[in-house]
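J.: What follows is the residue order along each chain.
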Amino acid sequence: MKEEFLTDQLKTQEYFLNMGPQHPATHGVLRLLLKLDGEILRNVDMDLGFIHRSIEKMCERDTYKQIVHLTDRLDYLSSHINNEAVALLVEKALNIEVNDRIKIIRTIMDELTRISSHVLWWGVMGMDIGALTTFMYGFRERELINDIFEETCGARLTMNYNLIGGLRYDIHENFVKRVKDFVAHFKKKLPEYDKLLTGNIIFRKRLEGIGYISKEDAIAYGLNGPTARGSGVSCDIRKIHPYSAYDMVDFEEAIYTEGDSYARYKVRIKEMWQSLSIIEQLIDKIPEGEYKVKTKAVIKLPAGSFVQRVESARGDFGVFAYSDGQKFPYRFKFRSPGFANLTALNKMSKGLKIADLVAILSTIDVVVPDIDR
Amino acid sequence: MTNTDIKNKIETLQSDLTFSQEDGDMLCIEVSKDTLKDFLTKLKNDADLSFDYLFALTGMDFGEDLGVIYHLESTKHRNLIQITAKISDRENPEIDSIHEVFPAAYYNEMEAHEFFGIKFKGHPDLKHLFLPEDWDKGFPMRKDYTDVNMLVR
Amino acid sequence: MILNIFTDIHELLLGLMSEEAAHILELVLIAAGYLGIFAILGLLLVWLERRVAGFFQLRLGPNRVGPMGLFQTIADALKLVSKELTGTVKADMQLYKLAPYFVITTALMSLALIPFSYEIHAFDINIGLFFLTSVSSIGVIGIFLAGWASNNKYSLIGGMRTGIQMISYELSVGMSIVTMVVLAGTLQISEIVEIQKDGWLIFKGHIPALIAFMVFMIAGTAESNRTPFDLVEAESELGAGFHTEYSGMNFAYYFLAEFVNLFIISSVAVVLFFGGWLSPFGITDSIPFAGLFWFGIKVVGVIFIFMWFRWTFPRFRIDQLLTLEWKYLLPINIVNIVLMALMVWLGLTF
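Chains as they are written, first to last, in my numbering: chain A, 1 to 373; chain B, 1 to 153; chain C, 1 to 350.
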């Protein structure tokens, strides 16, 4: 009815709006080309590559040990998980067995990384919708996690803590205590997040029913991670193909079936609770042992194709190595979760308004270096 | 499903296939580029296999040949398979676009096109995605690509 | 004693020049004084906003320059003054430069109607409230012009949003003011304050006055373009909205005018609902200029509520904004006016 009125009675002209690469809502240097009719989105096209560093090509001239460090620079918010993907890939290909201590520490660090990424996402999400205070709340908790990271390995963001066959350093003697303190603190603060944002009527009206994508479409577009789980797709790699210590813990995969922005929001909030529970289950179980397995100085993968998938904060992060038996990979491909999620942006946002596009972009949680690689 | 089950099932769908890495955690299949689209459609629609999730689409330069590697996963059975299609013509490499079967391939094919120069027949908009619009220095991810700023080991 | 200062100045000027010249000079002096008030108010409110934001956001806010960072905004203003005025090449230059003055002039004109105390009230006419609403609605032209003349699509969208938002919410502000005028029985601001000597209007009018107050607060937030109604600027969507292309002092005009408008909205709320400059129970009514203190306290209280909104709520979407106005606030308002009229007619008010 509305549409008919627009076309029959009023003359409207479609126009293009260039959103980005310098735009507050594009979280970095993503460029979107919007075809608009007034404020209604007719088409969303994207132009990428503003931060393309050709990491895949660089990997072809690097040894496997060096590649681990390059992966920090992909999705910098889940750098530890990215490192782990490469480490696990090589360990799997060479049949290197790591002990439980390494596995458990890796898993705890993974979950801390996930929380720190989700907390930042939550803050930015609020900011994109217009609630500026959430950003500071998010950073309050993120700071505590970063302090733990700093004490453990000296870095706060690009950690380089994972190595092929173990970890770079042993954990700090305060680690267990500080992680426990953080878990206790965060358990008190997470309900505060709900009070500030989740229950807000404006916030819910902005997200509910917006950016809908069905389960079938979510699979067809290759959506993954929390974005797909908001549409009811069970796709948590930690459950499907458990790695590290995820087979030792009991946790629930956060799935909501509504398929809208609000469902994706709830998935991430629930994931934070699940991460806390995973950390709680593991933190007292760290066994004594070596933190590093001895590996050869020059690592050569056998010829063949290898894939390792991990669940990063953004979703199904995959590493594909095509080896010809040399010490350098012949081809190294990173399967970026954000890139796959972004492909459905047009599908999700067609016919909605600019403000909705910003909200959707926020709920699929893009990190541009991860998309551009 | 084990790799052997998948292999047996797939062999009934199409004949001109080469299998490898059957004892690994991922079955690798090589298929001719002419039957690729049909083959992927069959894999997706087959009720027992239902490889409906395109995990990754990777452009490749095998030295002699170019190629595309598809990783498919079944959201029902959670098996991952790798499908390779080689293209022998380096000057004018062409392969069928599969974005109608897997919409996820749309942007990945654009990426493979601009980094490897592989033309995807049936893709409506093979423009530059990552590289600048006026890029004319060749295909950066090919093995024979050289650039003055490139570090060569 | 202090009251005499005004008459002293008047007599001094009369002694120096003719009556007309003295009158004109006095007008100029008052205007200059109000310009000063405008600037100081703007800067103080910016400082207050930043401190309040800091308080809400678990951080400190400005606290280095001067006591409690009081001079931080002055330093910022100096920076803005010294900045280059840039603009787009394809902008409609005349309109582009004219636009900020619409906003700043209307804000300044409205300020003249604000009763700071019994003594300090520059322009007290018998249609005061009507004049105030009509003048302040001109300000939207400035924002609209800025959006159009910048020749930037983001500015244009911001400008269009302003048009929609202002026209809609002007209604609600007007209607809620009318509700209170029904109760007060006059449009003259000083009289409205005077009749509150035996009780603030929000108590006198009880239920309908309370509803009118809530509607006024919601519509007032929209009128001053603040969160949750800051779609005009919506920095996560439109960069900076209508003033994307403005820099330096031109930008500062918008910035200051926005805060002065906030002050005006709060002042109107104080006049209409909380007894203007009157002290509670008339405790200090005999002291001259004490009204200034009470007025200030009340206005800062209302401003704090507006700031509370801003740092807590997310932003509306444009269609939700219109739904709220046309489907909820306006019908409520109309019913409320009838209710208030009935109350006054039946003598149910206190």
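Honestly, the hints are just simulated from the structure, not real lab data. Do not take every clue at face value.
[Stated by the list, open to error] Example chain B residues on the side facing chain A (calculated, C-beta under 7 Å, incomplete):
hint: 1; residue: 21
hint: 2; residue: 31
hint: 3; residue: 56
hint: 4; residue: 135
hint: 5; residue: 138
hint: 6; residue: 139
Virtual Cβ for every residue (Gly too), placed ideally from N, Cα, C.
J.: Given residue 56 of chain B as an interface hint, is the shortest Cβ-Cβ distance to chain A below 7 Å?
T.: holds (4 Å)
J.: Please verify that hint: residue 139 of chain B, Cβ, nearest Cβ of chain A, below 7 Å or not.
T.: violated (11 Å)
J.: Are residue 135 of chain B and chain A close enough, Cβ to Cβ, to be under 7 Å, as the hint says?
T.: violated (10 Å)
J.: For the restraint on residue 31 of chain B, tell me whether the closest CB of chain A is nearer than 7 Å.
T.: Given a least distance of 15 Å, the restraint on residue 31 of chain B is violated.
J.: Grab the minimum C-beta distance from residue 138 of chain B to chain A and call the hint holds if it beats 7 Å, violated otherwise.
T.: violated (13 Å)
J.: Does residue 21 of chain B pass the interface check with chain A, least Cβ-Cβ distance below 7 Å?
T.: holds (6 Å)
Violation of the numbered hints given earlier is confined to hints 2, 4, 5, 6; the remaining hints are satisfied by the structure.
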